[in-house]
Amino acid sequence: NAGVTQTPKFRVLKTGQSMTLLCAQDMNHEYMYWYRQDPGMGLRLIHYSVGEGTTAKGEVPDGYNVSRLKKQNFLLGLESAAPSQTSVYFCASTNRRDTQYFGPGTRLTVL
Amino acid sequence: GQQVMQIPQYQHVQEGEDFTTYCNSSTTLSNIQWYKQRPGGHPVFLIQLVKSGEVKKQKRLTFQFGEAKKNSSLHITATQTTDVGTYFCAGGKYGQNFVFGPGTRLSVLP
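Heads up: the sequence lines are chains A and B, in that order.
Heads up: the first sequence at position 33 corresponds to 33 in our numbering, and the numbers run straight through without jumps.
Counting from 1 along the second sequence, just add 1000 to a position and that's the residue number in our numbering.
In isolation and in its complexed conformation, chain B is listed as follows (with noise of 0.2 Å):
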């Protein structure tokens, strides 16, 4: 079955520095979202990529969808401790359900 891996696992960063996570799928994907989930709270959708290369930006987050569709990049620039969380891709294919990766834990030191 399709399998979602995200890299890295946690991810600490002091604050002002950059902070970039990747997300890899086994099968080629029709769609790509990435949610975020600050600590004790639920999944916030941030995103949605349909396009081979398309590149969305969000204030300091860029999104990135990979050429073959297979892989999603989340960039962001000069971190804040408001960026605190976990952040999770979800791939998708058309008729069928979103698997989501493992998430990155980022932490962010004042």
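Just chain A, same shape as in the assembly (with noise of 0.2 Å):
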């Protein structure tokens, strides 16, 4: 039982470049989350899924889409990164908008 994993781990970009965020979870989980951690904000909510094909807008979810074509996958993908999009990135599942399990997370660095 893996929990939450998240590819890749780290990733460079540079501006304008585009990339995918795979975040999986083993857990049969209905809801799933990406949020994004700042020094000194917390987590922010970018986007949330409450089941398989369905997807909502989060707190900060300008320049992110999201994609949930199967239960256990949520993707996040930047089309055209920014450096304010420099942070760590994490996903969540749970269910009922409960006790939420964290993948270990995917810092990214916007050059």
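Calculated from the structure, these hints are not laboratory results.
Here the structure is a predicted model, which is why all the values come from computation and not from measurement.
Some hints here could point you the wrong way.
[Claimed, not checked] Some chain B residues judged to face chain A by a derived CB distance under 7 Å, without partners named:
1) 1022
2) 1042
3) 1043
4) 1045
5) 1097
6) 1101
7) 1102
8) 1103
[To be verified] Pulled from the structure, derived: some chain A residues nowhere near chain B, Cβ distances all over 10 Å:
9) 8
10) 16
11) 84
12) 86
13) 100
Think of the CB as a built atom: it goes at the ideal place given N, C-alpha and C, for glycine as much as any other residue.
With the hints in hand, could you dock these two chains into one complex?
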């Protein structure tokens, strides 16, 4: 039982490049979330999903897109990366908006 | 929108001293969760409080939910170096996503 996994763990992009972050969970959770964590600002919700095929905007969705084609996977895309998107990205999953289980994170630097 | 604040932002203590972090919401909550994040790690769930005035203990950790369900506190008795990390509260309201506070970073000097 791996829990929540994220790939990649680290990535460096140049401004304007695109990339996709993958989150996978093996706990059959309905809800999945993408957060970004910046120093002194805690965890801010980017997008979330309440089930396969559904997505919704969170607090800071601009510049990001998501897809939930399979229940176990939640993808976060950056179409044109900007330095302001340098951050640590965490994926989390849960059932019934209960205890959230977080992945190990992806550290992204945009130059 | 809902805002969740935490104080202090940082706390340095000597090993063996007590530590308390406070969480305050701008609106009444249905429940509150606490998470711990070790340096370089990811947030890990500690506990959830649901009832007004609720107090829960986990070994040296005591969690409290305010009577008005707008604030909460986490108290650690006799800190140890293993307590180092950032403690986050997350305020929940029915049908809505949890909102995380900015966290309190605890350092423990041996």
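Now for the hints, and whether the structure bears them out:
no. : hint : in the structure
1   : 1022 : 15 Å, violated
2   : 1042 : 4 Å, holds
3   : 1043 : 5 Å, holds
4   : 1045 : 5 Å, holds
5   : 1097 : 6 Å, holds
6   : 1101 : 6 Å, holds
7   : 1102 : 4 Å, holds
8   : 1103 : 5 Å, holds
9   : 8    : 15 Å, holds
10  : 16   : 29 Å, holds
11  : 84   : 18 Å, holds
12  : 86   : 17 Å, holds
13  : 100  : 7 Å, violated
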